[in-house]
Amino acid sequence: MFSMDLLLGAVVLGVLLGCFYAAVSVGLSVSFGLLDVPHVAHPAFLVLAAYGVYQLNESYDIDPLLAGLAITPLFFVFGLLAYRVYYETFERRGSDAGVRGIAFFFGIAFIIEVLIILQFGVDQRSVSATYIGKSWRFGEFRIPIRQLVAFAVALALTVLLAVYLSKTFMGRAIRAVAQDEEALRLMGANPVRIKQFAFGIATAVLGIAGALLIIVAPIEPTLDRAYIGRTFCVVVMAGLGSISGTLIAAIILGVAETIVLTMFGASWAPAISFAMLLAVLAVRPQGLLGR
Amino acid sequence: MMKHRNSIAFWAGVAIFLVAVLSMTQIVRNEYPFFAGYVILQFIALAVAWSILGGYAGYVNFGTNAFFGVGVYTAVALFKATGAPLVVQIAAAAVIGMLLGFGVGLLTLRMRGIFFSIATIALAIIIETFVMNWRFVGGAAGIQLQRPPVTAPFDSYVKMLFFVQAILVVIAVGIARYIQNSRMGRGLQALRDDELAAECTGVPTLKLKLVACMISGALMSAVGAPAAMYLQYADPSSAFNLTYSVSALAMSLIGGTAHWIGPVLGAILLGSTQQFLAVTISSEINVLVLGIMLVLFVVGAPKGIIGLLRPRYRLRAGGKP
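Chain order of the listed sequences is A and B. The opening position of the first sequence corresponds to residue 1 in our numbering, with each subsequent residue numbered one higher. The opening position of the second sequence corresponds to residue 1 in our numbering, with each subsequent residue numbered one higher.
Excised from the complex, chain B in its bound form (with noise of 0.2 Å):
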């Protein structure tokens, strides 16, 4: 009765969400909110993606900036190739991640540790270099775009982007929050506190790795389709950024893991940071803030944000018969 009356919070917060991001598009004129809106919404869902693998299962993925990438130019080669609308590439890219986190996984997750993040950054170089070696798509000078003409109700491009990655974020907190409360939710955090012990138990630790890596990495992959249209440019080295791995990393665990929560609030707090501190000062500090932040947290307090917050929910929980 209490998860069902709490879905139906959620899924209410969900919809005034998307219809107050939609009226925002329609009322609003300056672009510049949804320059900068867009950019916390991209690390928003990216941070909640990389939790399901990186928070509930405990697997470090230092390679979000190769899903990012591989999102980023699914959608160019589309583009480029056949003209396929922003759906289509969106969608595409998903699936490409979703093949690629298979291909990894099977590949990396027999790995314990810190052997897994050394393995993710190195696919990430690895197909950083093959995209800088593929002339159809630019090579290392990258590739120019124009953007094709908007569609109704939004009037510009930016404002329809903004709306798109809006919805991925809810996709995203949707698919996180879903695994969260099943069953598998509860194998990958069986398997983070121990995972002998889970595998002995009967929970199918490698299938249950597998299937969060690939929709980890199918989510990922969607959020980087966009990017192209949104810099109507794409280069590997900015595509293929490790900036895009910190990040995710670091606005989750600073957000705390252990609720789907705890990635947003994270994202929001580092992301609108961010954006503040570029247009202020500049671009080398905001990535000095977010490593002092991630260090900063991950020796103090290591539950994140909602972890600090906790016991008083505890408090409440406990009032409440």
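Pulled out of the complex, with its shape left as it was, chain A reads as follows (with noise of 0.2 Å):
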């Protein structure tokens, strides 16, 4: 039952899911990992995403990634006006905002969720494309073509966003008022225009992750539960703030849950992020990379 070539197919399958897990959640990495905003509508945010991919699909015949990038510009603006909500309600009076911000974040990410029901209903929904269904053989195993899609732009967008942070000027920018707020207000900036263009790009990226969300696999409004763990999973993992992090701990993730779901089935596979994501907190808490 159990042999070399099972055990390197999940590997490979793993390594390939691991680098999708890291395109939805590298947004993620800079909201909650570098600005410190408590987050849990992320997935939320993501699976509606996915819902606009669909319908672009749906009504106008057009290719999922492109659908993907059509968005993008939209969930820009709305990461924008979603942190300054945050920002004048929360950070701003500064005291008790960590209960109330968290619940706030819960609340928006249900909202999202009945709201997507109330339109689409619960059924699962997915999109057409000529590369979805049709899969490469090697020997024994398959690989769907919608999975290697997947990774490509994953690995992509991960590597430009790590890219992006770490060469701009605008990047930079970001990364230093995650370090020291103060100093760069001191420094004639304003860090809560920058920390409002972080989680425009950190929410813009979820255009491209939810088409990819919905390209490996049909969607249904809930969703975005199992992605809390996977997505606070790899950003925990990672170290908070860490791109490069991200990208191993995603693959670590990925390979943990095709090595589970080979060998004990699927019916344990929603524990797995949420179990990875408690022994690191439990154990190392700063991630693998943290600073």
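Errors might be hidden in some of the hints.
Stated by the list, open to error - Computed beta-carbon distance windows for the label pairs:
1) A:D123 x B:F276: 21 to 29 Å
2) B:K80 x A:Y87: 47 to 55 Å
3) A:L6 x B:A197: 52 to 60 Å
4) B:G103 x A:A189: 41 to 49 Å
5) B:G202 x A:Y87: 30 to 38 Å
6) B:R135 x A:L6: 19 to 27 Å
Claimed, not checked - Here are a few chain B residues that face chain A, going by a calculated C-beta distance under 10 Å:
7) W11
8) T108
9) L123
10) E128
11) I292
As the list claims (entries may be wrong) - Stretch by stretch, here's where chain B covers chain A in the computed footprint (C-beta under 8 Å, at least three residues):
12) 101 to 107
13) 179 to 191
Hints listed in this document are in silico derivations from the structure and should not be mistaken for laboratory results. Backbone N, C-alpha and C fix where the C-beta goes; we use that ideal spot for every residue, glycine too.
Reassemble the complex: the two chains are provided individually, in unrelated frames, and hints are given to aid placement.
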């Protein structure tokens, strides 16, 4: 039953899956990891983006990746607004922001979930594209092409964001605001505007990530609950705000999930990311590449 | 002296409440009010239990559903294995919930705000996954339960459950009120405002949080225990439904967490609105209203309903010498 081939297949699929997890988590790595916003609604935004892609694909027959690109500016503005509201109501007033900030995003996540249910119903939805449904064969095992597409785009997206944050002026400003907000203020920059921009970027990335989400598998309105575990697991395991760590942690999660799936069956899969998250929090809360 | 008089008024209120509930079960024939009322009472008890850790100590627990579900399944397993009566099921659920609270507390209470919250969601999912793979209690498909015959003085099982839930509400409120007025409550409030400062001034923060988590967990599981008999059915995805978490949290924060009456008010208000909406429109709208109310209150009225009422309270208190 257990064989090297099976394990190898699981590892390969796990790496592909892991890169996809990195793409859906990098936004959170910026908003939560760098900006310290308790963004529990991140996975709900992700699922919302996936439904946006579904709608465009369904009514105009646009390729899901292009559709994802098309909603990216919309999500950028959405992110700017969301941060503005969060800042005005919680960060600026300071005290007790923790409890209420978390409750705020939790409430937003629930509202998005229900709105999706009201609009699209609880049935699973999927998109159509030429690369969905086919697969490559290598002797014994097959790799679905949709996984390969998601892998390539996810890897490109993650690397692009990492380069943006380390090489460009704005990217460095975002990292600076995460390190020392007060110093930035003293140098005459407005940290709030930089953070708002960064939150916009983190949300905009979800346009593409949402497209990947629906390419990889059919979606349903409550999918965000499973992704709370996956995204936070990846971001915490990576060490808050570390983009290269995000990629490594996501691959570890992807491989672990695939191996458990092949060996114990699908009914145990939802618990993997949450169990890893708990283990990391208990043993090494600063993450693999923590600050 | 003032406190003493307050206590008398409180326990008199409790006695009147219980007598009213009991006589209602004897007089009213129609079962529907008890069906609906049970759910409202259940949410009052959950919200009050939630606020012991979430309100007084400021640790946002997303894992209400974990404790609730564990309560449900403790009752199911015990009933299936031994046919134990309801009281034993509830007591066992409370013990298991307390142990779970202890474990959760040890594992997570050293974590800062959001990490604690995420960790509690994680625990809920992990426990749910275990129950899904537990054949004895039906696994993912769920399990049907046959209610035992009802004991006097009640003429239907639902009426008895309604009364039992009312007692659980009284226990939860009594404990919350006791904690609020005790050294423990002041310690929890101190650590909520500034954990480091509290620790430095000699408040045993970890111990207090741990005890709060155990009490809160025991109450939530006890509240969950009768749900199996109420529905005559249990399955993991409804016993561990995240709606319990968001409801308990929303009701507490909307009512206000500074005083035990806050969660009670919040749960009565939202619980009855929900019952009304679920009957007249749909259960989705019901969750939507919950979410919108939560966001509105968190943004606009940080101290909840009791915060909105407070200016008047203060005037009245100032008027009396």
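Structure-based check of all given hints:
A hinted range of 21 to 29 Å holds for the C-beta pair D123 (chain A) and F276 (chain B), which are about 28 Å apart. Here the CB-CB span from K80 (chain B) to Y87 (chain A) is close to 52 Å, well matched to the stated 47 to 55 Å. Range check, L6 (chain A) to A197 (chain B): Cβ separation about 56 Å, and the 52 to 60 Å hint holds. Between G103 (chain B) and A189 (chain A) the beta carbons are some 46 Å apart, a value that agrees with the proposed interval 41 to 49 Å.
Here the CB-CB span from G202 (chain B) to Y87 (chain A) is close to 36 Å, well matched to the stated 30 to 38 Å. One distance hint, 19 to 27 Å for the beta-carbon pair R135 (chain B) and L6 (chain A), holds here, with the actual separation near 26 Å. With a least beta-carbon distance of about 31 Å to chain A, the hint placing W11 (chain B) at the interface is violated under the 10 Å criterion. For T108 (chain B), the suggested interface contact is upheld, since its CB lies about 7 Å from the closest CB of chain A, less than 10 Å.
The closest approach between the C-beta of L123 (chain B) and any C-beta of chain A is roughly 7 Å, which is under the 10 Å cut-off, so the hint is satisfied. Interface restraint check: E128 (chain B) against chain A, minimum CB-CB distance 8 Å, threshold 10 Å, status holds. A cut of 10 Å between beta carbons decides the hint on I292 (chain B): the least distance to chain A is about 6 Å, and the hint holds. Note: the region 101 to 107 of chain A has 5 residues with beta-carbon separation from chain B under 8 Å; the three-residue rule is met and the coverage holds.
Coverage of a stretch by a chain is defined here by at least three residues with a beta carbon nearer than 8 Å to that chain's beta carbons; for the region 179 to 191 of chain A and chain B the count is 0, and the condition is violated.
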